[in-house]
Every structure is written in C-alpha cells, then in structure tokens.
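Protein chains: 2
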Amino acid sequence: YTPYPGSYSAADDSMWSYFTAVAGQDGEVDAEELQRCLTQSGISGTYSPFSLETCRIMIAMLDRDYTGKMGFKEFKDLWAALSAWKQNFMTIDQDRSGSVEHHELSQAFATMGYRLNPQTVNAIVKRYSKNGRIFFDDYVACCVKLRALTDFFRRRDHLQQGCVNFTYDDFLQGTMTI
Amino acid sequence: YTPYPGSYSAADDSMWSYFTAVAGQDGEVDAEELQRCLTQSGISGTYSPFSLETCRIMIAMLDRDYTGKMGFKEFKDLWAALSAWKQNFMTIDQDRSGSVEHHELSQAFATMGYRLNPQTVNAIVKRYSKNGRIFFDDYVACCVKLRALTDFFRRRDHLQQGCVNFTYDDFLQGTMTI
Ligand SMILES: [Ca+2]
Ligand SMILES: [Ca+2]
Ligand SMILES: [Ca+2]
Chain A
38 YTPYPGSYSA
48 ADDSMWSYFT
58 AVAGQDGEVD
68 AEELQRCLTQ
78 SGISGTYSPF
88 SLETCRIMIA
98 MLDRDYTGKM
108 GFKEFKDLWA
118 ALSAWKQNFM
128 TIDQDRSGSV
138 EHHELSQAFA
148 TMGYRLNPQT
158 VNAIVKRYSK
168 NGRIFFDDYV
178 ACCVKLRALT
188 DFFRRRDHLQ
198 QGCVNFTYDD
208 FLQGTMTI
Chain B
38 YTPYPGSYSA
48 ADDSMWSYFT
58 AVAGQDGEVD
68 AEELQRCLTQ
78 SGISGTYSPF
88 SLETCRIMIA
98 MLDRDYTGKM
108 GFKEFKDLWA
118 ALSAWKQNFM
128 TIDQDRSGSV
138 EHHELSQAFA
148 TMGYRLNPQT
158 VNAIVKRYSK
168 NGRIFFDDYV
178 ACCVKLRALT
188 DFFRRRDHLQ
198 QGCVNFTYDD
208 FLQGTMTI
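From first to last, the protein sequence lines stand for chains A and B.
Last residue of the first sequence: 215 (my numbering), numbering continuous.
Last residue of the second sequence: 215 (my numbering), numbering continuous.
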C-alpha cells in the first residue's frame, strides 16, 4: 500500500517517465510527438522518419475519448500493439529482406483470413511499397487501414453477402477518417 | 531555333534545374523527395515538415503512368495545382488566421458544391485539424481525398440517387489506395 497517487510498478514507472518526456507540457501525445518518438526508437529498422500517416491511423484506432491525442493508458496500449505488429512483420518477412514484398503480403492477407482479388492486392502493394518493398511503418498503416475498412464494410453487410449499399455521407464518414 | 535537345523557355529552364535537383539520380520525384522540397519551399507557411500523406495523395492524383513517381511534366502540373490550392486556401481562410477552422471549411465545402451532413463535416474536421485548426498541407489532403472519394462514389452511382451498392473488393480498391 502506498499513499501516493499515480504510483506504478517499476516497468510502468519507466514507461511513465518516457510518456511524460514524449507528451510534453499538455500531458498528451499527438501524431507528431508520436512520430518523433517512434523515429528515435528505431523500431522501423531504417533511418528515415516513421510515417506520420501511420501515427495518425494508430491514434485514431486507439483514441477512445476522441481527442486526437493519447493519454498514458492509450500510449501503453499503442506500445503493446506496435510490439505485436513488429513480431508479425518479422514473421511475414520470410526472406528476411527487412521489408514485405508482394508475395509475402499476399500470403499474409490469406493467413489473416482476408480473401482479396489479385487486382486488389496489386493496388494495395502499389500504394504502400517503395520500389516493390513495404517497410514496417507502411505495413502497419496498410494492415490497420485494411482492418478498419473491412470492419466498417462488414458492420453494414448485414446479410454477409460481400455487398453493401452505402449512402454518400455514410461512405464518406467511414472512409475520410480512416 | 536551337539545336539542343530539352531546350525550354527561361521559366521552364529554371523549373527544369529545380526539378533535376529535387529528383536526384533516377530523374523522378517520389513522395519523400517531394516532401523535402515542399518543406524547404515554405509553401505551408509553417516550420513543420510538409505532410508526407499529402505528397502521396498528390502524386497518386497526377501519376498518369502509375509508377508512384513524377517526371518533369507531372512535377510542373503539381506545382501549378499547388499554387491554385494555395490561392484557394487563402480565400477560405477568411479571418486570416493562417489555418482553416470548422465554419470556414463547412462554408468552403458548400461553395465547392458538396452537400454533406453536419456529422460528416465534424468527422472530417476532427481528422484533419490540430487543436481545431487545419493547416495548408492537411487542407490539401482533405480536399483531394474528398474529391477522389466523391468521384469514385459518383462513378458507381449510375442512377444519381446518392446511394451505391459496393462489392467488398471494389470498395477496397477505391478506398485503400486514395
Ligand atoms: Ca503533447
Ligand atoms: Ca521480405
Ligand atoms: Ca481561419
């Protein structure tokens, strides 16, 4: 028992120091602060900046109070999710090239249970790859976005027919914000 | 008449030098090269890096040969399009705050001919603003994406009813790549 508010385990404690350093004065982490911290962490395995688009998508995914920023709890969840994605990425990258190529992504989608046309996979690879290689940050953006769009589609596919009737506003609300 | 290949007017000539400097060895401009050049140009009116997401969206919009990169012709088109967006942004920013706020965006959409629910506008503002302000690069991303998604929707809305039936793959091909 400790009388102090905000006391944590040792691991939480070091995470908390890290969080406060990243969050700055307002005590919340926005997309740009997250980008800086992930770039410095080296998690993407490259020297280039971690994708800001991916940061935005991840925050949108975990942002339960809809502020566009993350508190400590959300930050911890994000860190756990990213570690899981990193594990997943290394499994998918079977030839250990440091990136996911077309055939690896195609196989990954099948393993995750997606059934996509070859044209759909081609379009996705073209959009998220650089010279045919998909790096960690773009891989995460791609998978998170695919999942969010699929969830959005499935929630409207009441009869499970793989076919949905959207109004214009509903379509935009689901797609503009992912 | 000049015997040299690739001779241009003086304006084109200086644009060409600029293009080759930005494009580097491969003679084409990818999203990251574009981001560096737009950040340095100061077009967004802030010191922060120009949004990479916006660069990707703009390249996708102008990339007629589907390489994910831009040649000189596409680069010139992009430059012209960006100047037009900058003009448009300054018109929309009626209180000259340097950013577009909720009511300004709402009015801009109406002027452009979009008829959107207030909830749709709210969701869009939440996604593209920082502390309620939408800056130039995010404004461009938002408008280009809205136009692309609207065009995609409208092409399928054969009866002009504001309602479209999508298959899962068609839905993903339109939304994952914008
Ligand atoms: Ca902060
Ligand atoms: Ca690989
Ligand atoms: Ca304004």
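No lab work stands behind these hints, which were simulated from the structure alone.
Mixed in with the good hints, there may be bad ones.
Copies of the same chain are indistinguishable here, so a pair counts whether it falls within one copy or spans any two.
Claimed, not checked - Derived lysine-lysine pairs resembling DSBU-like cross-links, with alpha carbons at most 30 Å apart:
1. 123 / 167
2. 113 / 163
3. 163 / 110
4. 110 / 167
5. 110 / 123
Here is what the structure says about each hint:
Both within a single protomer and between protomers do residue 123 and residue 167 lie at most 30 Å apart by alpha-carbon distance, with minima of 19 Å and 28 Å respectively. For a Cα distance limit of 30 Å, the shortest separation of residue 113 from residue 163 across copies, 23 Å, qualifies, whereas the shortest one inside one copy, 32 Å, does not. For the identical chains of this complex, residue 163 and residue 110 are inter-copy neighbours only, at 21 Å across copies versus 35 Å inside a copy, given an alpha-carbon limit of 30 Å. Within a single copy, residue 110 and residue 167 get their C-alpha atoms only as close as 34 Å, which misses the 30 Å cut-off; across copies the closest is 21 Å, which meets it.
Within a single copy, residue 110 and residue 123 get their C-alpha atoms as close as 20 Å, which meets the 30 Å cut-off; across copies the closest is 39 Å, which misses it.
Violation of the numbered hints given earlier is absent; every hint is satisfied by the structure.
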